[in-house]
Amino acid sequence: GNSVTQMEGPVTLSEEAFLTINCTYTATGYPSLFWYVQYPGEGLQLLLKATKADDKGSNKGFEATYRKETTSFHLEKGSVQVSDSAVYFCALTPWGNTDKLIFGTGTRLQVFP
Amino acid sequence: DAGVIQSPRHEVTEMGQEVTLRCKPISGHDYLFWYRQTMMRGLELLIYFNNNVPIDDSGMPEDRFSAKMPNASFSTLKIQPSEPRDSAVYFCASKTGGARTEAFFGQGTRLTVV
Numbered sequence: 001g002n003s004v005t006q007m008e009g010p011v012t013l014s015e016e017a018f019l020t021i022n023c024t025y026t027a028t029g030y031p032s033l034f035w036y037v038q039y040p041g042e043g044l045q046l047l048l049k050a051t052k053a054d055d056k057g058s059n060k061g062f063e064a065t066y067r068k069e070t071t072s073f074h075l076e077k078g079s080v081q082v083s084d085s086a087v088y089f090c091a092l093t094p095w096g097n098t099d100k101l102i103f104g105t106g107t108r109l110q111v112f113p
Numbered sequence: 114d115a116g117v118i119q120s121p122r123h124e125v126t127e128m129g130q131e132v133t134l135r136c137k138p139i140s141g142h143d144y145l146f147w148y149r150q151t152m153m154r155g156l157e158l159l160i161y162f163n164n165n166v167p168i169d170d171s172g173m174p175e176d177r178f179s180a181k182m183p184n185a186s187f188s189t190l191k192i193q194p195s196e197p198r199d200s201a202v203y204f205c206a207s208k209t210g211g212a213r214t215e216a217f218f219g220q221g222t223r224l225t226v227v
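Sequence order for the protein chains is A and B.
Each residue of the first sequence is one higher than the one before, counting from 1 in our numbering.
Each residue of the second sequence is one higher than the one before, counting from 114 in our numbering.
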């Protein structure tokens with residue numbers, strides 16, 4: 001079946017540190033891949049997306065590259081800020097099924113000054 | 114557009130009572146999703162609709178849960194009778210069709226059953 005696996009959190013970093021949150025997926029064909037972010041007390045919002053192999057999604061200094069050979073979509077940021085503290089969700093829409101959005105379990109990021 | 118609107122934002126109820134959560138999707142979106150978020154299980158898809166028709170309700174935990182979408186601008190998720198283990202944050206999301214389109218989430222309803 002289709003699924004998303006994320007690294008467990010929390011991830012704790014100092015401000016200006018480099019961030020990587022790992023995400024791997026299981027799916028047939030060519031799913032679309034997404035990263036969503038959830039700030040405290042809010043709903044999820046799209047951070048970035050990639051819809052085909054080797055695509056790089058980017059937004060607000062975050063990047064993720066669609067790697068079909070390793071079935072991965074790792075999230076990176078070169079220099080995190082306190083305001084990046086949130087829960088990050090990796091998600092996919094299966095190929096051939098344009099409806100369902102399947103989420104990973106989420107990774108909490110805590111950035112300290 | 115005001116985005117996806119959910120009500121109420123918080124609900125505290127006693128075990129055994131009926132609870133109704135409401136959602137207004139973004140105008141023009143033809144898909145609507147209900148998710149439940151807990152610390153133990155993360156974000157679970159309960160049910161989703163396309164053009165007001167339920168497509169997949171396999172995530173609905175029990176017969177105590179039911180969802181309706183009487184028109185394109187309104188959906189409800191009902192729990193009857195409620196139990197303490199139903200305590201969670203319930204999110205509604207909507208999107209247009211297509212694998213590349215993003216879902217837009219409401220701010221959620223935090224349900225506490227005591």
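No lab work stands behind these hints, which were simulated from the structure alone.
Be aware that one or more of the hints could be misleading.
Across the chosen pairs, the derived CB separations fall in these ranges [what the hints assert, rightly or not]: (1) A:K60 <-> B:F187: 16 to 22 Å; (2) A:K52 <-> B:G210: 39 to 45 Å; (3) B:S200 <-> A:P40: 25 to 31 Å; (4) B:P194 <-> A:E16: 49 to 55 Å; (5) B:N163 <-> A:D54: 38 to 44 Å; (6) A:W95 <-> B:E127: 43 to 49 Å; (7) B:V227 <-> A:M7: 30 to 36 Å; (8) B:N163 <-> A:Y30: 18 to 24 Å; (9) A:S3 <-> B:N184: 29 to 35 Å.
Which residues of chain A face chain B? A few of them, derived with a C-beta cut under 7 Å, are [said to hold, decoys possible]: (10) L19; (11) T20; (12) P40; (13) E42.
Keep in mind it's a predicted model, so treat the numbers as computed, not measured.
Note that beta-carbon positions come from the ideal geometry of N, C-alpha and C, so glycine has one too.
Structure-inconsistent hints, enumerated in ascending order: 1, 2, 3, 5, 10, 11 and 12
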